[in-house]
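Q: Input sequences plus hints: build the corresponding full structure.
Protein chains: 2
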Amino acid sequence: MAHRILLMSSSRKDSLGYLEHATEQIHTVLKHEARKIVFVPFAGVALSFDAYEATVKPAFEKLGYALESIHRSANPRQAIERADAIAVGGGNTFALLKRMYEADIADAIRAKVREGTPYVGWSAGSNVACPTIRTTNDMPIVQPPTLRALGLVPFQINPHFISGKPVGHNGESREERIVEFLDINAPEQVLALPEGSALLVEDTHGTVLGERGALHFESKDVVEQVIEGTTFPLARIRGPADFATWPDFRV
Amino acid sequence: MAHRILLMSSSRKDSLGYLEHATEQIHTVLKHEARKIVFVPFAGVALSFDAYEATVKPAFEKLGYALESIHRSANPRQAIERADAIAVGGGNTFALLKRMYEADIADAIRAKVREGTPYVGWSAGSNVACPTIRTTNDMPIVQPPTLRALGLVPFQINPHFISGKPVGHNGESREERIVEFLDINAPEQVLALPEGSALLVEDTHGTVLGERGALHFESKDVVEQVIEGTTFPLARIRGPADFATWPDFRV
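First to last, the protein sequences are chains Z and F.
Under this note's numbering, the first residue of the first sequence is numbered 396, with each subsequent residue one higher.
Under this note's numbering, the first residue of the second sequence is numbered 396, with each subsequent residue one higher.
Treat the hints as calculated values from the structure; they're not laboratory data.
Beta carbons: idealized from backbone N, C-alpha and C, even for Gly.
Take these hints with a grain of salt, some might be off.
Here are a few chain F residues that face chain Z, going by a calculated C-beta distance under 10 Å [to be verified]:
id	residue
1	407
2	408
3	509
4	510
5	537
6	564
Lysine-lysine pairs mimicking BS3-like chemistry, simulated, CA-CA at most 27 Å apart [unchecked claim]:
id	chain 1	residue 1	chain 2	residue 2
7	Z	493	Z	457
8	Z	615	F	457
9	F	452	F	426
10	F	493	Z	493
11	F	560	Z	560
12	Z	431	Z	452
13	F	615	F	560
14	Z	457	Z	431
15	Z	426	Z	452
16	Z	452	Z	493
17	F	452	Z	493
18	F	493	F	431
A: Put into structure tokens, the structure is as follows:
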């Protein structure tokens, strides 16, 4: 029962290479132990799962960790059960969640992480670690059976957080989208992670990593800056109270 | 059986006022007839339905059309059945679709529009006129029972289309999101409408309005520019073939 979870905003920061900015963040949760990481590539859409694995594998091997994609396994559920660590990559959150349910691994991941198996997610992989995917930035290109997700952390995260919008554009800014979320789901709150930032979860506490820190959207009118290195009880950020009864349209 | 539908990208173009750019587009579908327009404000989240009506009503009255918001009606279904025209405003597409189903007006709108009652939508109001809301830009802040929508046109539209992404940001650009849609839903296609543009539907044909025209995403590799004034058979843009069997998780 010792949660070890790293939820990163993005696979890239500025013009750095794939996961290049995240070396220390990844070591912090995987602790330099030689682990067999099972990689979930299901958020990948514009590239094949093979190609996705070929991008991620060297990034982890460089850090001393072995990694294999779950799409190579004939029994994905068993692959999760045998994993020393689980990594879930970015891409499209709706595709990721749909395929996770289709492969029937959601419950298995939840159980493993509760037993203490480290979980590393970035972008869509961080979205699905939340109670639901209601704070994803992605286009709903496919329909998962439910927006309910893994619930590894008790509140919603917005990855790839960026302030403002292009000059002259009349679509909503990210802040406006999050305020809409807060408005319709009050009193829920959101933790927004700019690119390069991450949330490290150890048991009941979270720590914000990355020089840009995070933003805690407490309510429509209150946004608190959380600086790098801040540790707080997870219960401090309010999640969905009704998560246990969240509608689940799966048949 | 004479469809008259106007699907606008946005309520605003550049720095113009609410629907100010759309005067001629609106007259084109409402034809200067004095109509009682029923307005659906359900996409509004950060503002009350009263406040939303107070924004939209004067914009239509200025053009000579009476308008009342459906939230004032004790029987929303009956309000739709008695409408001379239906207007559906922008905001959050997921909230709009969820509330449409809750108010039980989706079937009624579909039936009325098929009988020839004009439909005017913008932003989220254009998204819900598609077979599904899979090409919305909005955050899924609430879970509708299904992503299936009104299906007033047979293909998907992306409103508020904008090219590129902020410098240094590693989230997906709009083109990348649409390409992901095309990839996972092949051979479906998408019509993207920049702000200020609209699709006018008259019976079986569509016409692109607005000086910026539209983009027809035919496949991952083929994007065709559609210039202002182009008229084409609706069947030319490929929609979901399986729309009739689209998963519908409503109980």
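Q: Taking the numbered hints from earlier one at a time, note which ones the structure violates and give those numbers from smallest to largest.
A: As far as the earlier hints go, 3, 4, 7, 8, 17 are violated by this structure, in ascending order.
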